[in-house]
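Student: Read top to bottom, the protein sequences are chains A and B. According to the working numbering, the first sequence is numbered sequentially starting from 491. According to the working numbering, the second sequence is numbered sequentially starting from 649.
There could be a bad hint or two in this list.
[To be verified] Simulated crosslink set (DSSO-like; lysine-lysine; CA at most 27 Å straight-line):
{"id": "1", "chain 1": "A", "residue 1": "Lys539", "chain 2": "A", "residue 2": "Lys759"}
{"id": "2", "chain 1": "B", "residue 1": "Lys783", "chain 2": "A", "residue 2": "Lys687"}
{"id": "3", "chain 1": "A", "residue 1": "Lys539", "chain 2": "A", "residue 2": "Lys497"}
{"id": "4", "chain 1": "B", "residue 1": "Lys783", "chain 2": "A", "residue 2": "Lys555"}
{"id": "5", "chain 1": "B", "residue 1": "Lys842", "chain 2": "A", "residue 2": "Lys555"}
{"id": "6", "chain 1": "B", "residue 1": "Lys842", "chain 2": "B", "residue 2": "Lys828"}
{"id": "7", "chain 1": "A", "residue 1": "Lys759", "chain 2": "A", "residue 2": "Lys497"}
{"id": "8", "chain 1": "B", "residue 1": "Lys828", "chain 2": "B", "residue 2": "Lys783"}
[To be verified] A short, non-exhaustive set of chain A residues, derived as facing chain B with CB atoms under 7 Å:
{"id": "9", "residue": "Gly556"}
{"id": "10", "residue": "Ala557"}
{"id": "11", "residue": "Gly668"}
{"id": "12", "residue": "Ile825"}
What the hints contain is simulated information worked out from the structure, not anything from laboratory work. Virtual Cβ for every residue (Gly too), placed ideally from N, Cα, C.
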Amino acid sequence: MTSRPRKQIHLGVHFPGVNNTTVWSDPRSGSQINFASFEHLARRAEDAKLDFLFLAEGLRLREHKGAIHDLDVVGRPDTLPVLAAIAAVTENLGLAGTINTTFNEPWEIARQFATLDVLSGGRAAWNLVTSSDAFTGENFRRGGFLPYAERYERAAELVAVARALWDSWDDDAVVADGASGAYLRPGSVRRIDHVGKHFQVRGEFPTPRGPQGHPVLFQAGDSPDGRDFAAATADVIFSLHSTFEDGRTFYDDIHARLAAAGRDAESLKILPATTVVIGDTAAEADELARHIRRQQVPGPTAIAFLEQVWGADLTSYDPDGPLPEVEPDVDGADITRGRARHIRDPRPVVAQWREQAAANRWSIRDLVIAVTSRGGFVGTAASVADDIDRHVQEDASDGFILVPHLTPGGLDDVLDQVVPLLVERGSFRAEYSGPTLRDHLGLVHPDAARRPAALAG
Amino acid sequence: MTKLHLAVDLSGAGAHPAAWRAVDARSRAGFTDVRRQVALADDAGFDLALLDDSFTLAPSSARTVRGSLDAVLVGSWLAPTSDAIGLVATVDTTHTEPFHVAKALQTLDHVSAGRAGWQVAWSTSPAAAAAFGRKGVQDERDAVDEAREVVDVVRDLWDSWEDDAEIRDVATSRFVDRAKLHYVDHVGERFSVKGPSITPRSPQGQIPVVVRVDSPESVALAGQVADVVRIEARGTNCAAELRHQVRAAALAAGRDPALVRVLVDVVVLLGADAGAAQARREVLDGLAGTPFDPATVLHVGDAAGLVELATRWAPLVDGLTLRPASLLTDLPLLADTLPLLRREGLAGRPASGATLRDSLGLARPASRYAVAG
Chain A
491 MTSRPRKQIH LGVHFPGVNN TTVWSDPRSG SQINFASFEH LARRAEDAKL DFLFLAEGLR
551 LREHKGAIHD LDVVGRPDTL PVLAAIAAVT ENLGLAGTIN TTFNEPWEIA RQFATLDVLS
611 GGRAAWNLVT SSDAFTGENF RRGGFLPYAE RYERAAELVA VARALWDSWD DDAVVADGAS
671 GAYLRPGSVR RIDHVGKHFQ VRGEFPTPRG PQGHPVLFQA GDSPDGRDFA AATADVIFSL
731 HSTFEDGRTF YDDIHARLAA AGRDAESLKI LPATTVVIGD TAAEADELAR HIRRQQVPGP
791 TAIAFLEQVW GADLTSYDPD GPLPEVEPDV DGADITRGRA RHIRDPRPVV AQWREQAAAN
851 RWSIRDLVIA VTSRGGFVGT AASVADDIDR HVQEDASDGF ILVPHLTPGG LDDVLDQVVP
911 LLVERGSFRA EYSGPTLRDH LGLVHPDAAR RPAALAG
Chain B
649 MTKLHLAVDL SGAGAHPAAW RAVDARSRAG FTDVRRQVAL ADDAGFDLAL LDDSFTLAPS
709 SARTVRGSLD AVLVGSWLAP TSDAIGLVAT VDTTHTEPFH VAKALQTLDH VSAGRAGWQV
769 AWSTSPAAAA AFGRKGVQDE RDAVDEAREV VDVVRDLWDS WEDDAEIRDV ATSRFVDRAK
829 LHYVDHVGER FSVKGPSITP RSPQGQIPVV VRVDSPESVA LAGQVADVVR IEARGTNCAA
889 ELRHQVRAAA LAAGRDPALV RVLVDVVVLL GADAGAAQAR REVLDGLAGT PFDPATVLHV
949 GDAAGLVELA TRWAPLVDGL TLRPASLLTD LPLLADTLPL LRREGLAGRP ASGATLRDSL
1009 GLARPASRYA VAG
């Protein structure tokens, strides 16, 4: 009996930015801005043969209670220039970056991704996010111009235009025919003439096509609109659903939407973000994970988190004391700007928290740690490898995006100890099979996807 | 004698429009050949390399190299494998977001340990306006006016973090001292920007700004904002006049003209002797179909002749922007000429670990917001 090859796991690393995942207070925590930090994580990820490195994006510094939020990491480099620099010190590692679809224009963004793909030999990926708030818009020419309800519409049109621009060059356009004087083969670059609701784009695109044709497209939105957008457009979903049950539910939901969109199941990879904490024993790992959570949520951070929910200043409360007895201010103004609001009506949430705190005798800090914990793998290297493999083999995901709590070295031990175990069991690559990110993710070239399957049989 | 700053322009395949046609196509590495060129220029000791960029595609009728990569990304890609040479990227101001421009250049500065530069560009072409579809076509006056506003707000954003804003104060749980982060609060007719930048102050603090002069409006802009001014001039009289205009514009803007470095473009076509160089010129002109006539100093000759030229120009300008007629042939020959210039005391070379400001002799300023308090 022939055995089917095991489902292959896809792994990326995220160099985290500006939230409390990163423990900056630890003496081992490195620079969030020096190139050396990015180079460290990139080289280690490539040594371990990971699919890609991922960077998010900054459009405005987060504010809390009307002032710049100073408790978490503040400041980051610009996404694409750092990825271009990382391209120079790596050969195979994919380079994924978030670029929003609201405060960018297709001509410029399409040029930049084509450039990154050319410079890296076909390793670029674009994580599409929408933003629409006026707060962020204050840094840009058009301000808060985009209605919330239209954000995915604009994103879809922007991607369509970008794809048209990438497709306007033939892959073999550059012929450099000295005799005739034709640097580009006649007819190899076609004019674009797009007139749509959000964009009017006309002309000859000036940038050659990268080896991947189109960069790999990631999408991270979790709303119904976001999931539909992903099912229609994305190659990879950067998902929030890292627990087994949540993951299975999400996986089935997305695959149903994928089928409805007429797409092949293999054409979309679902990768949740997750943390990994390993120890020599399960108990040691548990203790370390608890310690990290306490490092991630010091007193002031716990208070600031509650303030987002209460909509009021709570600095008079002791983080090691009980929850505030006052009720949340439902009509309070947005006390935190520049971060997605997760909670609509706070009152039922607060009621539930009071119950939990009473039952467990939790302080404010204990409660915040508990309610902001998002799964993650904790255990010995062997048990973590088992868990990760099970998630993928049983379709709770297609892999994971690993997020360290210490940058840049926080995943060194995971890459050294867990990944080899996955390779041993045949679930993860020992070597890269090809040079492009599409190769690593098992995604077909966009041109191949469009050709009729005339060669089958 | 003050030494000449030496810049090298790496546009296309070289300054001669037919340069790409004169060599075996298979020997060219295409758009990524710039890495080899910068390595050569870096070893040779140029102060800076200029990376051109454009939103539009040259027409096929021009029979030039066609196609371009984003210059800031190319510069960032070149940073880890280059050592001392400045990486000056051309970035447009007409169709871009000033907030993105500011952080992109700051990041080029971060990844290159302080070797970034900005060659300011603006668009008056209908093709660029049509590519973005947001604005009508702007004339030179309007576009340069907008460029000035963009440079101003980008400089504000570069200073919006004071150097010591990051404090990592465990006792108070504060990663930054928010008193050292400043809103730029730019409110203009064309656009407004709140700030601060999302990117901390970069190694140079203020990235050197390069302006190419080719119109009265750009002369005014150069005087007002440029650290480095590129002029085109066929002869010393014309150059002296342009330099005078730029310095007058600087004075009128309340700046010290001595802080504005004026570099003249010199197109260079080299050979073992004058005859060999002339022969190469004829081949290239034959391929192009028309005689090559750049609107600036043109040296067709040998290395010794270039040294003489540099000696003649040294009292009149602060530096030379050398434009190899053919990057493939003239850049290596030019690289071999730099030691001769240094031996004559006409030029230096940037120190390893030096920033571009260091190489240009520009002090590093504190954030304007720190001074204001």
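Student: Is B/Lys783 within 27 Å of A/Lys555, Cα to Cα?
Tutor: Distance of about 37 Å is beyond 27 Å: violated.
Student: Given the hint that B/Lys842 pairs with B/Lys828, test it: the Cα-Cα distance must not exceed 27 Å.
Tutor: holds, 15 Å
Student: Can A/Ala557 be said to touch chain B, with a Cβ gap under 7 Å?
Tutor: holds, 6 Å
Student: Identify whether the interface hint at A/Gly668 stands, where standing means a beta carbon of chain B within less than 7 Å of its own.
Tutor: With a minimum Cβ separation of about 4 Å from chain B (threshold 7 Å), the hint on A/Gly668 holds.
Student: Please verify whether A/Lys759 and A/Lys497 have alpha carbons no more than 27 Å apart.
Tutor: holds, 12 Å
Student: Is it true that the CA of B/Lys828 sits at most 27 Å from the CA of B/Lys783?
Tutor: violated, 36 Å
Student: Check whether the Cα positions of B/Lys842 and A/Lys555 lie no farther apart than 27 Å.
Tutor: The given pair, whose Cα atoms are some 17 Å apart, holds under the 27 Å limit.
Student: Next pair to validate is A/Lys539 with A/Lys759; report whether the Cα-Cα distance is within 27 Å.
Tutor: Roughly 18 Å separates the two Cα atoms, so the pair holds.
Student: Does A/Gly556 hold up as a contact with chain B if the rule is Cβ-Cβ below 7 Å?
Tutor: violated, 11 Å
Student: Next item in the hint list is A/Ile825. Is there a CB on chain B closer than 7 Å to its CB?
Tutor: violated, 16 Å
Student: Are the Cα positions of A/Lys539 and A/Lys497 separated by 27 Å at most?
Tutor: holds, 17 Å
Student: Starting from B/Lys783, check that the Cα of A/Lys687 is at most 27 Å away, please.
Tutor: The hint holds at about 16 Å.
In summary, the numbered hints that this structure violates are 4, 8, 9, 12.
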